[in-house]
Each structure stands twice: as C-alpha cells, then as structure tokens.
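Peer 1: Let the sequences and hints guide you as you build the complete structure.
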Amino acid sequence: MTEQFIWTVALAGLVTLFLKSAFIEGQHYFQLPQWFIDALEFVPPAILCALVIPGIFKGDVGLVREFGNVPIDPKPIAALIAAMTFLATKKTIPTLLAGMASLYLVFWVQI
Amino acid sequence: MTPLLPGIVPFGLIAGFTPVSFGFTWFDAWAGSLLMFAGASQLAAYQLMNESASLWVILLTVAAINLRYLLYSASIAPHLANADRLTRLLAGYGLTDQIYAICHRDYPTHDWDLQERIAYYAGGSFLIWGLWQACTVLGAFVGQIIPVFWSLEFMIPLTFLALALNTLKSRSHQTAAVTGAIVSFAGLTLPYNLGLILGGVAGIIAGVMHQRMRS
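Keeping their order, the protein sequence lines are chains A and B.
Under this note's numbering, the first sequence has 49 at position 39, and the numbering climbs by one with no breaks.
Under this note's numbering, the second sequence has 183 at position 115, and the numbering climbs by one with no breaks.
Quick caveat, the hints were computed from the structure, so don't treat them as lab data.
This one's a predicted model, so the numbers in the text were calculated from it and none came from an experiment.
One should not assume that every hint holds.
Computed footprint of chain B on chain A; a stretch qualifies when at least three of its residues, placed anywhere within it, have a C-beta under 8 Å from a C-beta of chain B [as the list claims (entries may be wrong)]: (1) 49-63; (2) 77-83; (3) 95-102.
Estimated spans, in silico, between C-beta atoms of each pair [what the hints assert, rightly or not]: (4) B:Ser143 x A:Pro81: 48 to 58 Å; (5) B:Arg282 x A:Phe77: 43 to 53 Å; (6) A:Gln14 x B:Pro176: 42 to 52 Å; (7) A:Pro81 x B:Ser120: 21 to 31 Å; (8) B:Ala149 x A:Phe28: 15 to 25 Å; (9) B:Ala187 x A:Val119: 52 to 62 Å; (10) B:Ala254 x A:Trp118: 28 to 38 Å; (11) B:Pro78 x A:Glu76: 42 to 52 Å; (12) B:Gly198 x A:Val119: 35 to 45 Å; (13) B:Gly191 x A:Ile82: 50 to 60 Å; (14) B:Pro176 x A:Pro43: 19 to 29 Å; (15) B:Ala187 x A:Pro86: 18 to 28 Å; (16) B:Ile213 x A:Leu50: 34 to 44 Å; (17) B:Ser238 x A:Lys101: 18 to 28 Å.
Virtual Cβ for every residue (Gly too), placed ideally from N, Cα, C.
Peer 2: As structure tokens, this is what we get:
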C-alpha cells in the first residue's frame with residue numbers, strides 16, 4: 011500500500027462522506043437550487059457512459075497480458091454484446107456473464 | 069428490506085475482486101469499501117488509479133457518481149433533524165441507495181418518534197454495511213486465487229455499461245449518455261483522463277439543453 015494510494019482513497023472517502031452527510035449535518039444552512047436538481051438527473055447517464063469508454067478502448071485485459079495481443083481488441087465487441095444483452099433482459103448479471111463470455115470467445119477465435 | 073439485500077452480494081463481490089485483478093492487495097481492495105462505502109464510485113476510483121489518472125480526476129469522478137447522495141441526504145435530513153452529532157455523522161456514512169429507498173418509503177407512513185426512526189435507519193444500514201464489507205473481503209480473497217487471464221477487471225466497464233443503460237429513461241437522458249460517450253471517446257488520448265471529465269460535463273449540459281428545448 012503506497013502513500014499515494016492511501017491519500018487517494020482517504021480523500022475519495024471524505025468527498026463521499028461530505029456528499030452523503032451534507033444535509034443531514036447542515037440542513038439549516040443551505041438549500042439545493044432547482045437548476046442543480048434538474049441537472050442532477052443527467053449526471054448518471056453522462057458520467058457512467060464517459061467511464062465506460064476508457065474501460066472498453068484503453069489498456070489490455072488480463073487475457074492479453076497473459077497470452078499476448080490479438081489483431082482485433084475483444085473489449086469493444088464484448089461490450090456491444092453485453093449492451094444488447096442488457097437491452098434485451100434488463101438484468102445486470104446476465105449482462106456481465108454475456109460480456110465476459112464474449113470477451114473470452116472473441117479472444118479465443120483469434121489465437 | 070430483505071428483498072434489497074441479494075442485489076448487494078454480486079456487486080460487493082465485484083467491488084472486491086476487480087481491484088485485486090488490477091494488482092491491489094485484498095486489504096487495499098477493502099480500504100475502498102471501508103472509507104468510501106459507495107459501490108459504483110469505488111469501482112471508478114480503482115479503475116482510474118489503475119490507469120494512473122490524476123488525483124483531481126479521480127476525486128471529481130467519485131464526486132459526480134456520488135452526487136445523488138446530496139438528494140438522498142436532503143430527503144432524509146428532516147427525519148433525523150434532532151439526532152445528536154455522532155448519530156448524524158454515522159447516518160451520513162451509512163447512507164446507501166437501499167437505506168434511502170426504504171426510509172423514503174417508510175418514514176412518512178409511520179408515526180415513529182426520533183429514537184424509532186434512528187433504530188430503523190441503524191438496523192437497515194448496519195445490515196447493508198456488514199453484508200457489503202463481507203462481500204468485498206470475500207471477493208478480494210477469491211480474486212487473489214483467480215488467474216489473471218480471467219480478466220475479471222473487465223467487469224468494471226461492463227457494470228458501468230449496465231448501470232448507464234438503466235438510466236436511459238427519456239430522450240434527454242439518451243442525449244446525455246451519447247454525448248458523454250462521444251466526447252469521452254474523442255478525449256481518450258488527453259492526459260490525466262481529462263476526456264472522462266469533459267465527457268461527463270458535456271453529457272450533463274447536452275441532457276439539460278435537450279430537456280429545455282423540449283419543454
């Protein structure tokens with residue numbers, strides 16, 4: 011455990027605690043403006059999608075680190091199949107399983 | 069309450085084994101659960117630490133994912149108004165999607181005094197907290213014996229994908245999501261994972277603007 015890791019997680023914990031207890035602690039001192047509440051609606055789709063992108067297009071999965079590179083990166087294809095699975099089933103676990111299975115399959119057919 | 073618990077298990081296991089698959093120790097993986105106690109933002113924080121993102125990008129991302137707690141906090145606060153300081157601080161730490169959902173549902177329909185409301189909140193959040201910590205630690209230990217080539221870390225973007233697709237309630241939400249993804253993609257090569265922050269901000273603005281134009 012490095013010093014930088016401890017700081018990062020501790021600060022992330024503080025940020026989280028601040029957001030969680032902001033009103034339970036300081037309800038008499040401030041109120042959320044309406045424009046902020048309206049914008050809050052769009053934070054999850056925007057930030058979650060923005061987060062998916064580097065996870066899909068950046069870096070190498072364990073398979074590649076272990077067995078070497080393949081011509082076509084299996085991550086985007088696996089993510090696409092996972093997305094279609096979610097849209098069809100609306101369930102998270104089948105989505106994860108379909109995504110992982112596709113990742114293995116798309117990697118395996120290329121070696 | 070109990071129907072909400074099974075959903076915590078797989079998510080807690082994922083939050084435990086994905087950091088380990090990045091090379092963190094089981095204790096490092098658990099540290100996020102202890103200090104943050106907020107699943108999706110834990111996954112994001114470890115993914116970004118693995119990508120060597122800058123501290124500010126990590127904290128901004130964690131804040132963005134956890135912004136919803138501001139709303140929960142505001143909604144729960146009146147019910148715990150006269151509790152003492154330590155109780156309120158613990159209630160803040162223990163706030164989760166699940167405890168918010170049940171308290172939001174049950175507080176208005178029951179004639180409870182402060183002690184009963186605190187007991188209800190404490191019982192629920194302690195159960196969730198214990199289950200979450202146990203699942204993360206178990207997941208982290210399991211992660212240590214699972215070989216690297218299983219690529220379990222790929223479950224992080226897959227989880228975000230499922231969570232993101234679950235938020236697409238309207239055209240405006242879809243606009244926010246697509247914009248966030250496109251800008252994040254365009255900014256993939258930017259330093260410090262700035263593309264992620266730009267994507268998030270652009271997506272929020274696009275969603276708000278789309279909604280304003282429609283109404």
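Peer 1: For every hint, state whether the structure bears it out.
Peer 2: Structure-based check of each hint:
With 15 residues having a beta carbon nearer than 8 Å to a beta carbon of chain B, the region 49-63 of chain A meets the requirement of three or more and the stated coverage holds. By the rule of at least three residues with a Cβ nearer than 8 Å to a Cβ of chain B, the coverage given for the region 77-83 of chain A is violated, with 1 such residues. Note: the region 95-102 of chain A has 4 residues with beta-carbon separation from chain B under 8 Å; the three-residue rule is met and the coverage holds. A beta carbon spacing of about 51 Å between B:Ser143 and A:Pro81 agrees with the range 48 to 58 Å that was offered as a hint.
Taken as a hint, the range 43 to 53 Å holds for the pair B:Arg282 and A:Phe77, whose Cβ atoms sit roughly 50 Å apart. In this structure the hint that A:Gln14 and B:Pro176 lie 42 to 52 Å apart at CB holds, the actual value being about 45 Å. Taking 21 to 31 Å as the suggested C-beta distance range, the pair A:Pro81 and B:Ser120 conforms, at roughly 27 Å. In this structure the hint that B:Ala149 and A:Phe28 lie 15 to 25 Å apart at CB holds, the actual value being about 19 Å.
Between B:Ala187 and A:Val119 the beta carbons are some 57 Å apart, a value that agrees with the proposed interval 52 to 62 Å. Range check, B:Ala254 to A:Trp118: Cβ separation about 32 Å, and the 28 to 38 Å hint holds. For B:Pro78 paired with A:Glu76, a C-beta distance near 25 Å fails the hint of 42 to 52 Å. For the hinted restraint 35 to 45 Å between B:Gly198 and A:Val119, the CB-CB distance of approximately 43 Å keeps it satisfied.
At about 51 Å, the beta-carbon gap between B:Gly191 and A:Ile82 stays in the expected band of 50 to 60 Å. With their beta carbons about 24 Å apart, B:Pro176 and A:Pro43 fall inside the hinted range of 19 to 29 Å. Distance hint check: the CB atoms of B:Ala187 and A:Pro86 are about 49 Å apart, inconsistent with the given range 18 to 28 Å. One distance hint, 34 to 44 Å for the beta-carbon pair B:Ile213 and A:Leu50, holds here, with the actual separation near 41 Å.
The supplied range of 18 to 28 Å is met by B:Ser238 and A:Lys101, whose beta-carbon atoms lie about 22 Å from each other.
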